[in-house]
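In order, the protein sequences belong to chains A and B.
Under the working numbering, the first sequence has 202 at position 202, and the numbering climbs by one with no breaks.
Under the working numbering, the second sequence has 1236 at position 236, and the numbering climbs by one with no breaks.
By construction, these hints were calculated from the structure, which means they are not laboratory data.
Possibly wrong hints are sitting among the right ones.
[Said to hold, decoys possible] Just the calculated beta-carbon pair ranges, DEER-fashion:
1. B/Asp-1231 x A/Asp-168: 53 to 59 Å
2. A/Ala-158 x B/Asp-1311: 52 to 58 Å
3. A/Ala-158 x B/Lys-1163: 47 to 53 Å
4. B/Gly-1406 x A/Glu-153: 43 to 49 Å
5. B/Ala-1353 x A/Lys-36: 37 to 43 Å
6. A/Glu-153 x B/Arg-1124: 22 to 28 Å
7. B/Asp-1299 x A/Glu-124: 53 to 59 Å
8. A/Ala-158 x B/Thr-1120: 15 to 21 Å
9. B/Asp-1059 x A/Ala-217: 54 to 60 Å
All residues carry an ideal CB built from backbone N, CA and C; glycine is no exception.
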Amino acid sequence: MRAPVLPLGLALFLFAASASADPGHHPGGFDYDPPKPGTYRLPPLAPAADGTALDETGAVRGLHDLMAGKVMVLSFIYTRCGDVCPLGTAMMRDLHEATAADSALSAGVRLVTMSFDPDHDTPEVMAAEARALRVPRGADWRFLTARDKGELEKILAAYDQRVLRKADPDDPNGPLAHQLRVYLIDGERRVRNIYSLDFLDPRLVLADVRTLMLEEAARH
Amino acid sequence: MGTVGGVLRRFIGAAGLLLATAVAPAVADETCMSPFMPKITGQEDYVYVWTLGVEGMGDGSDKLVTVDVRPGSATYGKVIASAPVGSRNEAHHGGFTDDRRYFWTSGLDTSRIFVFDIHTDPARPKLERTIEDFVQASGGVVGPHGAYALPGRMLMSGLSNAKDGGGRTALVEYTNDGRFLAAHWMPTAEDPRGAEVESVADGYGYDQRVLPRRNALLTSSFTGKSNYMMDFGEMLKDPEAMKRFGQTVVLWDFHERKPRKVFHVPGAPLEIRWAWGPTHDYAFTTTALTSKIWLIHLDADGEWKAKAVADIGNPSDIPLPVDISLSADDKTLFVDTFMDGKVRVFDVSDPHAPKQIYEETIGRQVNMVSQSWDGRRVYFTTSLLANWDKKGADNDQFIKGYDWDGKRLHHRFTIDFNAEKLGRPHIMRLGAASLYAN
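Just chain B, same shape as in the assembly (with noise of 0.2 Å):
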């Protein structure tokens, strides 16, 4: 290999950014997506919501909501469009393609990915296409869940197989155009695939995420379709329930697709987040039912490692952290506990030692966290899953939005997603019109 190669190696890393002025003129984006798409650096306009229907509640259907955040604007904070799908399908999770034009949202019940048009008017997204093929393409994947962007391609994680319900399962890889590509599954006790395991290795997944420079994709763990779909309450009285929960973070070989090592992270660890730094090679989770954050790092050996670095509130009261936010210069980690409905905020300069630094009480529940690329605004939204949000008065659905100051937070805006009859706010992503003029 030339000189050039060396050259390219060493500056390509740092030079990622520069994808973010290569592609528009834009602007903003949370922190919690793929490194491969371009960027929102600085005010993004609308905040996309994926949203539960809710029987008897305004049209019943799953739906994508826009939200206006453009500052000065005569709807600022208000709902300006809804894309509904037309049924209820759990809506969760979803993320855009690679060259944003597309959002890709999943349904943790039916299965179904639907993939809705951001481009042509970024104010109000439509349903392009629906993908009704993945269980059967992927050999029994069953609940896509969070979709993530490689270059022309979505690889989306499974929470569950279409044999057992349980919480074995697989990434799948799709076309940007939606051709099944690929089923990747876990590794299990039984069928390791060549992975190193350090304690159990159980098949789960929930989240997935690549660090490119290291040829690394770390995928976390949840729990299969039996329990997302059961009655909160009863699931927690249920003993045999709970233990079908996963405790595993499994390191990838990304480009080749294959697991190298399982990591024993019990508890539930849900979201992962890559440290953005170039040279910052570790990635955070947390763990629902054991309210920590864990580490994943290089250590000075050049083994990767997972270690828990600090309790989320007070572990015995089981908050169950859910979404977290990490800002742009690796300092600040936002984390959303479910049960309480708090956000924590930690100083995680340190990666090895975060020190909670505020917190604020949100609502009587929250669930989603998205933060704007340049870490000024702050949203969150409400609903975990239509049989696990708090019942009753204690059921509110949201989003606020609130500015950040670096050391509080400053409530900017409210919608109420049950008075305005929208159904149960999930996961939020944000979008600017400015990527897409020309």
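Chain A with its partners taken away, still in its complex shape (with noise of 0.2 Å):
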């Protein structure tokens, strides 16, 4: 069994690639101003599907349950991957440390990061993976992996997330060809927004969980 070191290093490499450029110019960066939230509208796309997985510890949750009462951010990955998912879990990790600065995100903000390699991406895995990117202070950072094949083939086909295996599997970004797709899914368990790479804008993912948390509090 690996430990998911690829992600990480990837992250560290980013890291060390921003130190060294130039802060006045932002080379393929986002640039404009974030939204304000609440106001614009994040209209309904459809219900966030249920499904059951693993927990870091092995325990089995149903998607519905931890989405309940919160706000959810999920994103698929998978942990060999050397494309975009450490890009998604990078942004996940910011998300993370905006929500732990920020008693009310903190309160009403969930994070799950769920794998569909669960051949590789076992609990154990998971906990690594978790472990290396947590901070200490507890916001509420999922981490999860398909129970069973047939469980992830529902999931992944209620969320439209495409997998597929490439010819190579030897590919040195990883043995799965995927788009990325981050969703939005408000305390009524609907998706409210989906993020691929081109709006991974952790500035525009936080706008609208605030949208949303605004939102559920003019409903009480």
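Join these two chains into a complex; the hints should help.
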């Protein structure tokens, strides 16, 4: 079994790359004023599907149970990925830091990273991933993996998360091909936004999270 | 926000190209589509052609035609499949969903949207569903046009409205499974919706394109149903009809779907193409009636501006630029002009000063142009609108495939859609079987 060193390694590479970059220059970076929470609409896209998974302790968890009463950001990844998963995970880590630093957010937000590679990403591997990525202060970030292949297929189909096996299983960037998709889910278990790589600006995702929290607060 | 966020923001735009390799071991793409989709970076297998039915020709129905462009194939340059929709709807534009499994096409006359399954058998797309609620669900938008992929949803431009058949219209959003989400009406003089108006706000629509890292959406403008369903010759002689063309490009806050600035771009600005480079903050459009290339760009002061940067042919001849295609390296812009049947190729390395480097007559009329992502192949079709196409012997209807060596086109194949009794070929999209292989 291999520890999830690649994602973290890449994250550190990104960190190092930024240290040498000109701070006044943002090549390829997001460059706009982030939206003001609550000033725009996020129409519900679809009900967020249920399913069962294993958490990092090996316990069975229902996705709907994890959604209850929280704004959830759900990201599908696999730890052997050398393409886009590290970027998705870096964004989740960013959200995690932001929620840990804000008591209102940490009370209302749950982050979930779920692997679609149960052959490799056992609960133990996901636990190692969690240890490497979580900040000490207790914001809620769960690491899940599939309980079995049948259950995984149902979840991936329900979320339109495409995962294909690459022709070369020894591809240095990992054996699976997939689109990176991250889902914003409200407390009523509805998908309210979907982010692909081009939208993974943590400022934007946070504004959306806060928009849903404002919406929730206005209802009560 | 922590350090990783700063890193991510800087890195992620360049990393957007990784998406190409993240989805499948594919392959090539025309450069006219949403950045949110997997790209075909090598050889495409198929060109899908959304084709207008012609009464009395073949089955008379609009159809999605598959052309085989696999090198070495026994059916290279031939039609290998056709998926009719059973009616004529003024077939026009279309686009893939973000997962590239479905191809949405639309009819300007009936306001129907047709969704084809591309992934089950990429050589033989199948009609999966027809969306009939466009006008009613959107609150009166008519003429669904460009289908633009967003994550998990489609952004459809409209061309007209149910109230007067004019050009005032909206962007309409659907989920990928065909459920209406929202209509975003274009800013008008009476209701600018908070946008800064440079000169006029006419509320017209045509194309829509997003630059995610700037949170910028651009929309362009054409004309309403009362014009696009009219006979072209009669319309040209009708001074009132000729006043009813759009003259604006609108810059939107994309995430909030709010218009920010209405640029004055007279003469019906049609297709919009953002540059691809991670530091290239500009887009091109061309104006059908004034025959100019316009640049929408971020200036040194951080302000978005629009300016005309080149003429296409002799504007007084009204060559009528229609489709454009910007190469993946942002250096080459193909411009089709309908009236003279030509393609003109511009070096746009300096986007503020395009220089024409080549021109070639493709046919007696020409409309759409699509190039592969690697820039080596270029495809052309002919039909503009059923009532606007040329008449008699000038009514060429074909797809032609060429190789492009960076200096000139080399003809590879022609399929005569009249002879094949297929109809009027319009928009093209490229497909590859390897996108769906497992």
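Consistency of beta-carbon spacing, A/Glu-124 to B/Asp-1299, with hint 53 to 59 Å: Between B/Asp-1299 and A/Glu-124, where Cβ atoms are some 55 Å apart, the hint holds.
Just tell me: holds or violated, for the beta carbon distance of A/Ala-158 and B/Thr-1120 against 15 to 21 Å? holds (19 Å)
Cβ separation of A/Ala-158 and B/Asp-1311, checked against the hinted range 52 to 58 Å:
holds (53 Å)
*asked:* Quick check: does the Cβ-Cβ distance between B/Asp-1059 and A/Ala-217 fall within 54 to 60 Å?
replied: holds (57 Å)
Is 43 to 49 Å respected by the C-beta to C-beta distance linking B/Gly-1406 and A/Glu-153? For A/Glu-153 against B/Gly-1406, whose Cβ atoms are near 46 Å apart, the range 43 to 49 Å holds.
Checklist entry - B/Ala-1353 and A/Lys-36, beta-carbon distance inside 37 to 43 Å? => result holds (39 Å)
Exercise. Between A/Ala-158 and B/Lys-1163, is the Cβ distance one that fits in 47 to 53 Å?
Worked result: Check failed, 40 Å falls outside 47 to 53 Å.
Check your understanding: Has the hinted range 53 to 59 Å been met by the Cβ atoms of B/Asp-1231 and A/Asp-168?
Key -> holds (57 Å)
Should the hint that A/Glu-153 and B/Arg-1124 are 22 to 28 Å apart at their CB atoms be regarded as holding?
-> Since A/Glu-153 and B/Arg-1124 have Cβ atoms about 25 Å apart, the given range 22 to 28 Å holds.
Checked against the numbered hints given earlier, the structure breaks only hint 3 and satisfies all the rest.
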